[in-house]
Amino acid sequence: MTILKVAKLVKRFGGLTAVDGVDFAFPKGKISAVIGPNGAGKTTFFNVITGIYKPDEGEIELDGKSIVNVKPHLITSRGIARTFQNIRLFGSMTVLENVMVGMHIHLKTGLFGTLLRLPRNRAEEKRSQEEAYRLLEYVGLESLLNEQANSLSYGAQRRLEIARALATRPKVLLLDEPAAGMNPRETVDLIGLIKRIRQELEITIILIEHDMRLVMELSDHILVLDYGTKIAEGIPEEIRTNPRVIEAYLGKSAAQQGVIS
Amino acid sequence: MNFMDKWKTKLQHLPTQASIYTLFVVVTALSVYFLDKSVVAFLLLLGSLLLLYFTSFKNSVKWAVGGILLFIVIPFATSGGLAHESYMEVATQCGIYIAMALGLNIVVGFAGLLDLGFVAFFAIGAYTYAIFATPQANNFISGQLFPLSGSSFWLFILIGGFVAALFGVLLGLPVLRVKGDYLAIVTLGFGEIIRIIFNNMEKPINITNGAMGLSSIQPPNLFGLKFTFPHQFYFIVVGILVIVIFTVRRLEHSKMGRSWKAIRENEIAAQSMGIPLIRTKLTAFAVGASFSGMMGVVFAAKQTFIDPTSFTLLESITILVMVILGGMGSVPGVILGAALVTILNLQVLTELTNWLNQLTMNGTISIPNALSPSKMQRFIFGAILVCIAIFRPNGLIVAKNRKVDAEQLKAERSHTPVPVGQSTGQSGGVAK
Ligand SMILES: Nc1ncnc2c1ncn2[C@@H]1O[C@H](COP(=O)(O)OP(=O)(O)OP(=O)(O)O)[C@@H](O)[C@H]1O
Ligand SMILES: [Mg+2]
Numbered sequence: 421m422t423i424l425k426v427a428k429l430v431k432r433f434g435g436l437t438a439v440d441g442v443d444f445a446f447p448k449g450k451i452s453a454v455i456g457p458n459g460a461g462k463t464t465f466f467n468v469i470t471g472i473y474k475p476d477e478g479e480i481e482l483d484g485k486s487i488v489n490v491k492p493h494l495i496t497s498r499g500i501a502r503t504f505q506n507i508r509l510f511g512s513m514t515v516l517e518n519v520m521v522g523m524h525i526h527l528k529t530g531l532f533g534t535l536l537r538l539p540r541n542r543a544e545e546k547r548s549q550e551e552a553y554r555l556l557e558y559v560g561l562e563s564l565l566n567e568q569a570n571s572l573s574y575g576a577q578r579r580l581e582i583a584r585a586l587a588t589r590p591k592v593l594l595l596d597e598p599a600a601g602m603n604p605r606e607t608v609d610l611i612g613l614i615k616r617i618r619q620e621l622e623i624t625i626i627l628i629e630h631d632m633r634l635v636m637e638l639s640d641h642i643l644v645l646d647y648g649t650k651i652a653e654g655i656p657e658e659i660r661t662n663p664r665v666i667e668a669y670l671g672k673s674a675a676q677q678g679v680i681s
Numbered sequence: 021m022n023f024m025d026k027w028k029t030k031l032q033h034l035p036t037q038a039s040i041y042t043l044f045v046v047v048t049a050l051s052v053y054f055l056d057k058s059v060v061a062f063l064l065l066l067g068s069l070l071l072l073y074f075t076s077f078k079n080s081v082k083w084a085v086g087g088i089l090l091f092i093v094i095p096f097a098t099s100g101g102l103a104h105e106s107y108m109e110v111a112t113q114c115g116i117y118i119a120m121a122l123g124l125n126i127v128v129g130f131a132g133l134l135d136l137g138f139v140a141f142f143a144i145g146a147y148t149y150a151i152f153a154t155p156q157a158n159n160f161i162s163g164q165l166f167p168l169s170g171s172s173f174w175l176f177i178l179i180g181g182f183v184a185a186l187f188g189v190l191l192g193l194p195v196l197r198v199k200g201d202y203l204a205i206v207t208l209g210f211g212e213i214i215r216i217i218f219n220n221m222e223k224p225i226n227i228t229n230g231a232m233g234l235s236s237i238q239p240p241n242l243f244g245l246k247f248t249f250p251h252q253f254y255f256i257v258v259g260i261l262v263i264v265i266f267t268v269r270r271l272e273h274s275k276m277g278r279s280w281k282a283i284r285e286n287e288i289a290a291q292s293m294g295i296p297l298i299r300t301k302l303t304a305f306a307v308g309a310s311f312s313g314m315m316g317v318v319f320a321a322k323q324t325f326i327d328p329t330s331f332t333l334l335e336s337i338t339i340l341v342m343v344i345l346g347g348m349g350s351v352p353g354v355i356l357g358a359a360l361v362t363i364l365n366l367q368v369l370t371e372l373t374n375w376l377n378q379l380t381m382n383g384t385i386s387i388p389n390a391l392s393p394s395k396m397q398r399f400i401f402g403a404i405l406v407c408i409a410i411f412r413p414n415g416l417i418v419a420k421n422r423k424v425d426a427e428q429l430k431a432e433r434s435h436t437p438v439p440v441g442q443s444t445g446q447s448g449g450v451a452k
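Chains as they are written, first to last, in the working numbering: chain A, 421 to 681; chain B, 21 to 452.
Because the hints were derived from the structure by calculation, they are not lab data. Accuracy of the hints is not assured; some may be wrong.
[Said to hold, decoys possible] Restricting the straight-line Cα-Cα distance to at most 25 angstroms, the calculated cross-link-like pairs of lysine-lysine (DSS-like) are:
{"id": "1", "chain 1": "B", "residue 1": "Lys78", "chain 2": "A", "residue 2": "Lys546"}
{"id": "2", "chain 1": "B", "residue 1": "Lys28", "chain 2": "A", "residue 2": "Lys546"}
{"id": "3", "chain 1": "B", "residue 1": "Lys199", "chain 2": "A", "residue 2": "Lys474"}
{"id": "4", "chain 1": "A", "residue 1": "Lys491", "chain 2": "B", "residue 2": "Lys223"}
{"id": "5", "chain 1": "B", "residue 1": "Lys78", "chain 2": "B", "residue 2": "Lys420"}
{"id": "6", "chain 1": "B", "residue 1": "Lys423", "chain 2": "A", "residue 2": "Lys528"}
{"id": "7", "chain 1": "A", "residue 1": "Lys546", "chain 2": "B", "residue 2": "Lys420"}
[Stated by the list, open to error] Label-pair ranges, simulated between beta-carbon atoms:
{"id": "8", "chain 1": "A", "residue 1": "Ser486", "chain 2": "B", "residue 2": "Met232", "range": "41 to 49 angstroms"}
{"id": "9", "chain 1": "B", "residue 1": "Ile288", "chain 2": "A", "residue 2": "Leu436", "range": "18 to 26 angstroms"}
{"id": "10", "chain 1": "B", "residue 1": "Thr29", "chain 2": "A", "residue 2": "Met632", "range": "53 to 61 angstroms"}
{"id": "11", "chain 1": "A", "residue 1": "Pro539", "chain 2": "B", "residue 2": "Thr29", "range": "17 to 25 angstroms"}
{"id": "12", "chain 1": "A", "residue 1": "Asp640", "chain 2": "B", "residue 2": "Gln428", "range": "54 to 62 angstroms"}
{"id": "13", "chain 1": "B", "residue 1": "Lys423", "chain 2": "A", "residue 2": "Ser486", "range": "53 to 61 angstroms"}
{"id": "14", "chain 1": "B", "residue 1": "Ser171", "chain 2": "A", "residue 2": "Val488", "range": "51 to 59 angstroms"}
{"id": "15", "chain 1": "B", "residue 1": "Ile288", "chain 2": "A", "residue 2": "Val488", "range": "35 to 43 angstroms"}
{"id": "16", "chain 1": "B", "residue 1": "Lys430", "chain 2": "A", "residue 2": "Asp640", "range": "34 to 42 angstroms"}
{"id": "17", "chain 1": "B", "residue 1": "Pro413", "chain 2": "A", "residue 2": "Asn566", "range": "34 to 42 angstroms"}
Model, not experiment: these values are computed from the prediction. For each residue, glycine too, the CB sits at the ideal point set by N, CA and C.
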């Protein structure tokens with residue numbers, strides 16, 4: 421079953437077509453990967469799905485409903501959350517507060533509730549703290565709850581971005597290069613975390629990643645982009661041996677020799 | 021070294037702290053009361069509020085002691101000498117500026133939106149009351165209903181705040197689409213435009229009386245008691261200020277406050293967390309403006325005369341300086357910054373000027389004309405600002421994050437299952 425579908429998606433920047441007529445159906449409850457060489461248009465693809473950029477052409481459907489022209493913050497409440505390739509945390513806020521911001525759409529206290537602080541508002545605040553703390557436990561950052569977010573290590577910052585995205589209670593989670601800057605140990609932990617998110621929380625995951633080991637181990641399905649166009653799709657085995665993919669990554673000569681390792 | 025440590029531990033001892041603090045307050049209060057005019061004693065007495073902030077009493081105790089100081093000790097102590105009204109005037113001005121700086125701190129400090137025209141909202145509040153509390157409004161509303169009596173003042177505090185908030189939103193709607201430096205320039209323009217409009221709205225219909233300003237504004241009236249002296253306005257200002265501080269503290273650590281800071285830190289990420297950018301920025305503008313508007317009403321009533329020259333760009337800059345000096349985003353810092361700048365301008369530097377003038381007149385010293393004390397005043401003020409900027413680049417009291425006690429969270433948490441389930445289509449209380 422498909423949860424997120426894009427059809428003939430196009431995004432241009434002036435003369436450059438960063439996403440060029442991409443069609444793809446992301447299966448529900450699975451882990452899909454979007455791969456491709458630098459500048460292939462992967463991040464732009466995410467930015468268009470999450471509403472940061474408007475597509476020039478094409479259709480995006482979440483659960484059968486179009487999300488083209490929906491404002492980014494409303495796309496989040498429809499159930500799409502994301503992390504960023506160039507980490508975008510709320511740097512001077514605490515780790516816990518970062519996650520609590522992610523809970524924004526689930527908190528009902530308004531301006532007057534805040535000022536009056538009725539029991540119900542106080543309870544909600546308390547609950548959001550607890551839930552945020554639980555999410556920190558989930559990604560293994562609970563001991564750092566009071567630290568300032570920008571004082572964390574690279575790997576920890578990436579995990580905090582995941583916790584913050586989970587706080588929006590998404591149906592679909594987009595991860596843009598979650599392993600970038602991580603050491604091999606951290607990457608192994610990350611793989612475990614992503615698997616747990618899929619299994620325990622039943623969230624559909626779409627990830628962009630250059631680390632082929634991670635991609636091959638995690639993905640059920642892979643979409644390959646090059647110069648904005650889809651050059652291949654399939655299960656990891658098919659992609660690994662696909663000559664067009666190898667050519668895009670390693671050039672023509674390598675394509676004659678075989679496999680991406 | 022050992023000696024110092026000993027003192028440190030002694031000072032952390034609560035009863036010791038309490039007695040030293042009480043002694044300090046009593047001595048300064050008595051000196052203010054008995055000495056005819058002692059600026060130093062008065063400043064030390066005000067300083068006791070700052071000292072209170074640094075004590076390790078419980079929060080509720082601090083609030084209670086602060087209340088007693090503000091409502092009883094300070095008004096009473098200053099009532100002893102000839103300088104009573106001038107002390108109260110300084111304290112009242114401090115209060116007005118603190119409220120405005122706290123308002124601007126929401127916009128600049130929390131939401132990260134640089135606003136260089138903030139005084140416009142103060143002007144709007146002031147004119148809102150002044151137009152209706154003088155015969156001025158008869159020019160465009162028939163029936164000779166105006167001036168409204170001074171008892172309408174209390175309602176006008178709210179109206180002034182509301183009108184200013186409304187203008188905050190009206191300004192914000194077109195303006196908040198631009199960012200950073202551009203926003204600063206546009207708001208600067210807005211501040212000037214408001215002033216120029218007030219300066220020119222005497223034709224075709226005379227609404228603001230133009231550059232002549234509005235005079236004989238009705239003083240506030242509470243059940244027949246007329247407010248005309250600074251020591252009376254002091255209580256109004258402190259009353260509003262308490263509400264303002266309370267509001268700011270509540271907002272800061274709420275969903276709203278976190279959204280403001282999130283936008284300041286990273287707009288794109290904030291959006292991706294479901295925060296509506298424009299609406300959240302507009303609330304920051306509106307809430308910040310409302311504080312200014314309320315104080316504008318008080319200002320108009322206190323001065324009984326206003327004209328556009330009270331609302332120049334320099335005022336906007338001064339308020340911004342208070343925020344930056346005190347510590348952007350830091351509520352205690354901004355309060356200190358505002359108080360310090362006001363006191364420097366109104367009391368310390370004027371005293372210094374007077375003293376130097378006195379010496380020159382007596383012939384004790386001779387100061388060349390180019391360095392006349394009144395010119396020196398701005399120079400010293402500038403020098404102090406530069407020094408603070410160099411030695412405390414993040415402000416006098418740097419903004420701190422609130423820490424949460426993890427043990428308590430774990431102990432108290434309800435035993436519901438992991439809450440991070442899938443959202444069920446409708447959930448998410450779709451941001452209306
Ligand atoms: N805002 C923008 N304005 C203009 N060009 C852009 C913009 N964003 C991306 N591009 C261009 O679009 C192309 C695709 O960029 P994108 O960031 O999507 O690539 P990517 O696949 O994520 O690459 P990487 O693996 O390096 O992250 C690049 O040529 C890039 O320069
Ligand atoms: Mg990218």
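Hints versus structure:
| no. | hint | in the structure |
| --- | --- | --- |
| 1 | B:Lys78 x A:Lys546 | holds (21 angstroms) |
| 2 | B:Lys28 x A:Lys546 | violated (36 angstroms) |
| 3 | B:Lys199 x A:Lys474 | holds (20 angstroms) |
| 4 | A:Lys491 x B:Lys223 | violated (44 angstroms) |
| 5 | B:Lys78 x B:Lys420 | holds (18 angstroms) |
| 6 | B:Lys423 x A:Lys528 | holds (23 angstroms) |
| 7 | A:Lys546 x B:Lys420 | holds (20 angstroms) |
| 8 | A:Ser486 x B:Met232: 41 to 49 angstroms | violated (60 angstroms) |
| 9 | B:Ile288 x A:Leu436: 18 to 26 angstroms | holds (21 angstroms) |
| 10 | B:Thr29 x A:Met632: 53 to 61 angstroms | holds (60 angstroms) |
| 11 | A:Pro539 x B:Thr29: 17 to 25 angstroms | violated (41 angstroms) |
| 12 | A:Asp640 x B:Gln428: 54 to 62 angstroms | violated (42 angstroms) |
| 13 | B:Lys423 x A:Ser486: 53 to 61 angstroms | violated (44 angstroms) |
| 14 | B:Ser171 x A:Val488: 51 to 59 angstroms | holds (57 angstroms) |
| 15 | B:Ile288 x A:Val488: 35 to 43 angstroms | violated (19 angstroms) |
| 16 | B:Lys430 x A:Asp640: 34 to 42 angstroms | holds (36 angstroms) |
| 17 | B:Pro413 x A:Asn566: 34 to 42 angstroms | violated (24 angstroms) |
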